[in-house]
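Following the hints, put chain C in place on chain P, whose structure we already have.
Chains as they are written, first to last, in this note's numbering: chain P, 12 to 428; chain C, 12 to 428.
What the hints contain is simulated information worked out from the structure, not anything from laboratory work. Among the hints, a few may not be true.
Copies of the same chain look alike in the list, so a pair counts if it fits in one copy or across any two.
Below, in silico cross-link-like pairs of lysine-lysine (DSS-like), each with a Cα-Cα straight-line distance of 30 Å or less [as the list claims (entries may be wrong)]:
no.	residue 1	residue 2
1	Lys192	Lys84
2	Lys332	Lys355
3	Lys69	Lys13
4	Lys243	Lys220
5	Lys373	Lys285
6	Lys220	Lys38
7	Lys57	Lys69
8	Lys102	Lys285
9	Lys245	Lys84
10	Lys38	Lys57
11	Lys57	Lys282
12	Lys355	Lys337
13	Lys57	Lys13
14	Lys243	Lys84
15	Lys245	Lys13
16	Lys42	Lys13
17	Lys192	Lys282
18	Lys57	Lys237
19	Lys42	Lys192
20	Lys332	Lys42
There are 2 protein chains.
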Amino acid sequence: MKAELISIGDEILIGQIVNTNAVFLSKALNKIGVEIAQISSISDQKENIISALDEARKRANFIIMTGGLGPTKDDVTKHTLCEYFDDQLVKNERVLEHIENIFRKYVTTPISEMNRDQANLPSKATLLHNAYGTAAGMWFSDRGQVFVSLPGVPYEMEALMRNEVLPKIQQEFVLPALYHKTILTYGLGESAIAERIEAWENQLPHPIKLAYLPSLGRVRLRLSTKGQALEKLKEQVNEQIEKVIPLIEDIYFGTEEDQSIEFLIASRLKKMGKTLSCAESCTGGAIATRFTAHAGASEFFCGSAVTYATESKTDLLGVEKSLIEKHGVVSGPVAAAMALGAQKKYQSDYALATTGNAGPTKGDQGQEVGIVFIGLATPDGVESFEFMMGNNRTRVIQKTVNQALETLYRVLLKAPV
Amino acid sequence: MKAELISIGDEILIGQIVNTNAVFLSKALNKIGVEIAQISSISDQKENIISALDEARKRANFIIMTGGLGPTKDDVTKHTLCEYFDDQLVKNERVLEHIENIFRKYVTTPISEMNRDQANLPSKATLLHNAYGTAAGMWFSDRGQVFVSLPGVPYEMEALMRNEVLPKIQQEFVLPALYHKTILTYGLGESAIAERIEAWENQLPHPIKLAYLPSLGRVRLRLSTKGQALEKLKEQVNEQIEKVIPLIEDIYFGTEEDQSIEFLIASRLKKMGKTLSCAESCTGGAIATRFTAHAGASEFFCGSAVTYATESKTDLLGVEKSLIEKHGVVSGPVAAAMALGAQKKYQSDYALATTGNAGPTKGDQGQEVGIVFIGLATPDGVESFEFMMGNNRTRVIQKTVNQALETLYRVLLKAPV
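So here's chain P without its partners, still in its complex pose (with noise of 0.2 Å):
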């Protein structure tokens, strides 16, 4: 079974939005055994959406496209299936109900003929049930394929995927088990890593695959694999992942399923149950705001001090002015400060510091661009270290993000439990 999926609007095509529903379609999908052969965007023209799909039939037997079932004259999705699968608008009462009920319990303005065309829907649809909104799914059966169309606001598109496509996908085919492994590394090149595992990469047993994965400072190696129990293939990617370590060693810090670097320092915290506090001046929150995306973030995370104008390390983290006088405000006795100041001033066990200049342009003390200094606090006492981040700004930030968390989580990794 293979799948592809169509997004629909011209908000991607103009770069005015980033395709995050892509990203959650392809992960549910993959966890339950169905892989993506083509994720494409187009406009919302119907002569575009049409030979979209003839194309995608040709590749993939499941077919889902999101956007374009909306109320109003830029939305043509359900009026181009109809014309596709030859078919016409039929009133779906409990649709029309259910449209009716959410303007009557959230919606201050009254209902509309536009509102009530959105329960017009094509007669050869099963219907899948929006619970969040007033655009329904719907799951064309044709010729051996199917397509979906669902909705392209992501928190209705999402809970119609768990609600309703995922369950009738398990329950309507047989799929084979796929897994993905990824080893982490860090402090080497993807062509030198590649080098030294070279022998390894060629023993891999098929349909083991290993792709690189570059990205800020970092490798990560994705190992692949599908067949029919999911526990084997696991057995499996772990087996090569034993031979492989030992090449690695001095570059590999662990491995991730479907984890981040922050869930795995969440886990590690909380068996340890210990806290953690941030002190963040070049990353300006962007550190905090890793953790507190996921749920329970409350249970080891006390907070993080943005300290961006200078002043502020001293009136918010107790760090000396005559120390940022004599060391400079992007220095590691001031990272170092503000560990200690956050792990102060918020009774954490460990904390986590940054300050550097993530540009474009050199500090008001003549800092470098990409000069980045990451303090930590643990109950040991604290250590700071240096870095050379590069020059762009995003990057700087985003690589000074994984390189501190990167730097925490080999400290936990060798405290105790």
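Below, chain C alone, put in the same frame as chain P:
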């Protein structure tokens, strides 16, 4: 001239990464008048790349591929292009020298054959110099169409676009002007707006196109057009915007061209010579991250106290314990006190505070999931506002960030410059 983007590599298809390259490319191309017909993500198999190229050339005359140019085995783009254009690899001395230089200057491991092989390029390709990496960009002209191949690493790709591809497009093609402008509205649903502005929408002159972009409590109305002279297009679009504003006065709060709301706030504060700080609980640093992502943030942004733990609201911001006990940590008075605390600690003119329960479970003190208070301290006093943001964690956080920024922006618009 129509362009098409093809991302090569499995990481997008399995949902491991978001396709941010597509956002950069679409924006950059749109700006110089190149429309995007389709964006596709495909796997790194030779046959998939070839069929994607065949399909793309039916729709577009300018095709940009990203990815698959690394030195490792899973990188097949270069070999595939040789096959597609009936070409062969030839050593490029200039590229070889550049690669050797990078290794001498920045890499601690010795250069290998694998690295040197990156200097072997298809003989028919025009070289696009990659200043930041070892994978050269390539420009092919074939039967009146252009095919460009770029590395997938974002900052390498972005520099190649800026320095090589965009100037070459502008040199070789005559391009129309494209113009988009977006009207920001808050507080009314998509269909209710559509009904109000129906007569206006129907009279929009060709080729001005209207799109409704609903997201997290607000609806943006995008007007797009194309033609010969950019100034003329701007005039035509602005004329239409002048006409529609009276119809939506109560929900209208501005327009953006390429600007995010944090950018509008930043410009306004800089113009006013005023500063801002934040006190973030439920948004966990996400507001600070939005501001600090942009260069020049230090001109107006002092910082943000992310006070996730209840005690830290007292310890860092000086919120009275008795106030928290009396009203609960998720309350209007606490939001207001947090804002005043940040304003004082950071010595800023304005301060924005958030406290709420993002879920997924009820708060310690029984606060409902989705309830959020926003506090805003100004030079004239402090106010707090209550909101219900639904029950999806990510959405609650994002809606709160948007709502807080919008609350602040409305107040700033009324303040004297």
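Do the hints match the structure? See the list:
Within a single copy, Lys192 and Lys84 get their C-alpha atoms only as close as 44 Å, which misses the 30 Å cut-off; across copies the closest is 18 Å, which meets it. With identical chains, the CA atoms of Lys332 and Lys355 are at most 30 Å apart both within one copy (18 Å) and between copies (19 Å). Taking identical chains as interchangeable, the C-alpha atoms of Lys69 and Lys13 lie at most 30 Å apart whether they share a chain (11 Å) or sit on different chains (24 Å). When the C-alpha separation of Lys243 and Lys220 is checked against a cutoff of 30 Å, the pair qualifies only within one copy, where the shortest distance is 16 Å, while the shortest distance between copies is 54 Å.
In this assembly of identical chains, Lys373 and Lys285 lie within 30 Å of each other by CA distance solely across copies; the values are 23 Å between and 38 Å within a copy. With identical chains, the CA atoms of Lys220 and Lys38 are at most 30 Å apart within one copy only, with a shortest distance of 18 Å there and 34 Å across copies. For a Cα distance limit of 30 Å, the shortest separation of Lys57 from Lys69 qualifies both inside one copy, at 19 Å, and across copies, at 17 Å. Taking the shortest alpha-carbon separations for Lys102 and Lys285, neither the intra-copy value of 57 Å nor the inter-copy value of 56 Å comes in at or below 30 Å.
Taking the closest pair of Cα atoms, Lys245 and Lys84 come within 30 Å of each other only across two copies (23 Å); inside a single copy the shortest separation is 49 Å, beyond that limit. Both within a single protomer and between protomers do Lys38 and Lys57 lie at most 30 Å apart by alpha-carbon distance, with minima of 28 Å and 24 Å respectively. In this homomeric assembly, Lys57 and Lys282 never come within 30 Å of each other (Cα to Cα): the closest approach is 54 Å inside a single copy and 46 Å across copies. For the homomeric pair Lys355 and Lys337, the shortest alpha-carbon distances inside one copy (23 Å) and between copies (27 Å) are both at most 30 Å.
In this homomeric assembly, Lys57 and Lys13 come within 30 Å of each other (Cα to Cα) both inside a single copy, at 24 Å, and across copies, at 18 Å. Taking identical chains as interchangeable, the C-alpha atoms of Lys243 and Lys84 lie at most 30 Å apart only when they sit on different chains, with a minimum of 26 Å there against 51 Å within one chain. Taking identical chains as interchangeable, the C-alpha atoms of Lys245 and Lys13 lie at most 30 Å apart only when both belong to the same chain, with a minimum of 22 Å there against 45 Å between chains. When the C-alpha separation of Lys42 and Lys13 is checked against a cutoff of 30 Å, the pair qualifies only within one copy, where the shortest distance is 13 Å, while the shortest distance between copies is 36 Å.
In this homomeric assembly, Lys192 and Lys282 come within 30 Å of each other (Cα to Cα) only inside a single copy, at 23 Å, whereas the closest approach across copies is 50 Å. In the homo-oligomer, the alpha carbons of Lys57 and Lys237 lie at most 30 Å apart only across protomers (20 Å), although the nearest pairing inside one protomer, at 37 Å, exceeds that limit. For the homomeric pair Lys42 and Lys192, the shortest alpha-carbon distance inside one copy (12 Å) is at most 30 Å, but the shortest distance between copies (39 Å) is not. With identical chains, the CA atoms of Lys332 and Lys42 are never at most 30 Å apart, being 53 Å at best within one copy and 46 Å at best between copies.
When each numbered hint is compared with the structure, violations occur for hints 8, 11, 20.
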